[in-house]
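Those protein sequences? They're chains P and D, same order as listed. Last residue of the first sequence? That's 913 in my numbering, and every number before it is there in order. Last residue of the second sequence? That's 465 in my numbering, and every number before it is there in order.
Certain hints may be false.
[Said to hold, decoys possible] With a cut-off of at most 25 Å between alpha-carbon atoms, the simulated DSS-like pairs for lysine-lysine come out as follows:
#1 Lys764(P) to Lys268(D)
#2 Lys191(D) to Lys402(D)
#3 Lys37(D) to Lys142(D)
#4 Lys191(D) to Lys206(D)
#5 Lys402(D) to Lys389(D)
#6 Lys764(P) to Lys292(D)
#7 Lys179(D) to Lys389(D)
#8 Lys178(D) to Lys206(D)
#9 Lys289(D) to Lys764(P)
[Stated by the list, open to error] Take a look, some chain D residues computed to stay more than 10 Å from chain P by CB distance:
#10 Leu41
#11 Phe65
#12 Thr101
#13 Asp126
#14 Glu148
#15 Gly159
#16 Lys191
#17 Lys206
#18 His243
#19 Glu305
#20 Ser376
#21 Ile401
#22 Glu406
Derived by calculation from the structure, the hints in this document are not laboratory data. A virtual CB, placed ideally from N, CA and C, is assigned to each residue, including glycine.
So you can see what is in the structure, the chains are spelled out below.
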Amino acid sequence: MRYDRRYRTLDKYRFIAGFLALPLAFYALFVISPFIQAIYYSFTDWSGGPVANFIGFDNFTKMWNDERFWDSLEVSVILAVVAPLITLVLGMFFAYMITSGGRHRKGQAIAGVAGSSFYKVVYFFPQVLSVAIIAVVWGRVFNTNSGLINGGLDKVGFDGPAWLGGDRSLALIAVMIVLSWSFVGFYVVLFSAAMGAIPRDIYEAALLDGAGRGRTFFSVTLPLIWDTVRTGWIYMGIQALDSFAIVLVMVPEHVLKVTPVFLYERFRDGQYGYATSIGVVLLVLSMAFSLIVMRIGNRDRIEY
Amino acid sequence: MGSTSINRRDVMKRAAATSLLAVPAVGALSSCASGGGEENKAEKGEKSKKNPLGVKADAGLAVVVFNGGYGDKYAQFVTDMYKKRYPDSDAGQKSTTKIATQVQPKIVRGKPTADVINNSGADQMNPGKLVSNKQVADLTELLDAPSWDDPSVKVRDILEPAVEASGNFGGSGTFQAGISLTVYGTFYSKKLLEEGLDSAYPKTWDEMLAVCKKAKAKGIHGWSYPGGHPRYMFFSIYTMFAQRGGREITTAMDHLEPGAWKNDAVKDVFEAWEELVAKKYVLTGFDGTEAHTEMQTAWTKGGKCVFVPNGSWVENEAKDTTPKDFGMSFGPSPSLDSGDKMPFGTINAPAGEFYVVPEKAQNRQGGLEWLRAMYSKEAALNNFKELSALPVVKGAIDGQKMPHGVASVQAAIKTAGENVVIAKHMDWYNELFREDFNNMIAKFMLGQIGTKQAMDIMEKAGARILKDPDVVKVKKS
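Kindly generate the complete structure, drawing on both the sequences and the hints.
Right, here's the structure in full:
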């Protein structure tokens, strides 16, 4: 019986379970249970006091009818779709330039542009700064009267627009620029690493076949780093869906807000039940976003 | 009732049953911890001429003060006054930044440990909830008592009417005691207006437009406002609503009545401003979180505009950039025309920095007495010197050397007399002001929307808040 196959399987799982029990318990306690609590509170009228009455779907109905929620969601979704597009394309372009954009020197199949190792470090700078600092600094840069951008426009004879305090679309563009600026360095490094792992002989073969840079990128590099791109897309999408700190610090609250800022304001007003229900919707949205990207980006993995 | 009809076992059973019942009822009780309360009898002493509130001389007094921008020294001054009069009271003061966290749980349980509380700061207790749960004392008894300085005058009569107006919650009774005044409205440079533009402060809207036109000819803007916090505009606009439509308009706004933002008075005021905006008399472009300082610097140091919406704190806030001969002055909002229901000179001046006395405080009378001491001339003067806050005690700072701006605000309060309006909805439904008015007026001041949309947005916002079950409504008496 000891050598029965079924027993051996059981024994194996018992072994694995023994190792996993503790981490799983911690995971359940500190990750799963807060989620469940939050989901529970989203069905109550909790206002921070000792009483939280169960009110069914009232919070969600209120959200459905709340224009401010839809306004904020619109901004969040635009950011989640467009910001990754800009950031990833820029990240990929810079990474490609760093790893294989240069002239072919010393008989090498690929090489980065001159000074590429320096650029690699520089691109990563924004990643080191705290988001709050980035928001404050860019807030000054976009300042209508005394900012760098409008100051520059002034010099060449243009009257700069009110970037942050005026139009919603201008503020959205400003947020998009800052968001992409602060994350692009991370993707440059990520994609450079992925591109660096591609064997050189594939490039050499492409070169021999007469492929130019563009063709090499689309036929060799991109398919081979596709998994990294997809992961990056999901990560950036979730970052953009959030973008809480940048919007909260940089943009005046009346111009535009993203859903997490709207959620935060509900907390501030003591509407904890309503705020958690917004949080639950955000959770569902980010999960849906990840699933969709996984689905549409799914293709056969190329082994090398 | 024969005592024999109940035996020991029954008593135990009943006790067990009540404690079982009590557990789930805690939540329900805590939200209406009023009535009954024999177990927590307030200490009371003999009323006398010197002790009109009947304070028990040897009862302890616990004062809790918010330790914020004002600090707690000014309150210690009052606590010392109290201690001097009741040496056996062992009056003590505690300061904290976490008012609600430290004080509210005990109030909710019906056993407050504090007797008078400075309910202020980011962690303040929601005063509306305290009042509707009957957890704070009605201060009418204090207002009817003889004043600290002169036994022949009631406390009520030495205070600015704003104290009572700011302390009520829709119904009768005063539940929070403000100790200083904030005056909201229009501020300007006397020097720029009188010498630079050779004009007097405009009393009517036509005069206002004329001054702005004159300013434009000299290359400066008539108005400006902090674009990052456009809600400042409310400070100058609000009294115009009251002037045009009378108090019923502002009361309707406070109580979120349908049509409150959709009447001719509101329309006339918005149209007046729409014209001013359309004529490009407004200097815009101060955005970001520090917009108010940027704007104030452009106004004081740069002399780029004449009028700004602001509050009485601006003189202190902008003092580093204000030239000596600037002549900072407060000006009431102009009248639209002779059809106005309230006169030119009406001001928006609520009392602030509130204190409350828990309804079931152990030394409730002591808490009231402490406030009576706070409303003495001596304490008011000390507050003014220490905090440069405008006291709510009439005449307390007469004869004091005052900065130009404070002096002009003082004069405006005197001129206004009874014509003080207070935007209660700013407190009760803060969201309406901070979110909806802010969003609306931002677009309005940039000329992106007009009068009709402005009214629609505010009317809709009021209806939304009225429907929102998460917002406690203050009922109209």
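Between Lys402(D) and Lys389(D), is the straight-line Cα distance small enough, at 25 Å or below? holds (17 Å)
Would Glu406(D) pass as off the interface with chain P, using Cβ distances and a cut of 10 Å? holds (34 Å)
Is it the case that Ser376(D) keeps its Cβ farther than 10 Å from each residue Cβ in chain P? Fine: 29 Å to the nearest Cβ keeps Ser376(D) off the interface.
Interface exclusion of Glu305(D) relative to chain P, criterion Cβ beyond 10 Å: holds (19 Å)
Consistency of the no-contact label for Ile401(D), given chain P and a CB cut of 10 Å: holds (31 Å)
Assertion that Glu148(D) lies farther than 10 Å from chain P (Cβ): holds (30 Å)
Has the given pair, Lys764(P) with Lys268(D), been kept, meaning a C-alpha gap of at most 25 Å? Holds: Lys764(P) and Lys268(D) sit about 24 Å apart, inside 25 Å.
Grab the minimum beta-carbon distance between Thr101(D) and chain P and tell me whether it stays above 10 Å. holds (18 Å)
Whether Lys191(D) stays farther than 10 Å from all C-beta atoms of chain P, as the label says: Correct as stated: the minimum Cβ-Cβ distance to chain P is 32 Å, above 10 Å.
Does Lys402(D) sit within 25 Å of Lys191(D), going by the straight-line distance between their CA atoms? holds (17 Å)
Within 25 Å, alpha carbon to alpha carbon, are Lys179(D) and Lys389(D)? holds (20 Å)
Would you mind confirming whether the straight-line C-alpha gap from Lys764(P) to Lys292(D) stays at or under 25 Å? Roughly 21 Å separates the two Cα atoms, so the pair holds.
Consistency with the previously given hints is maintained throughout, with no hint failing.
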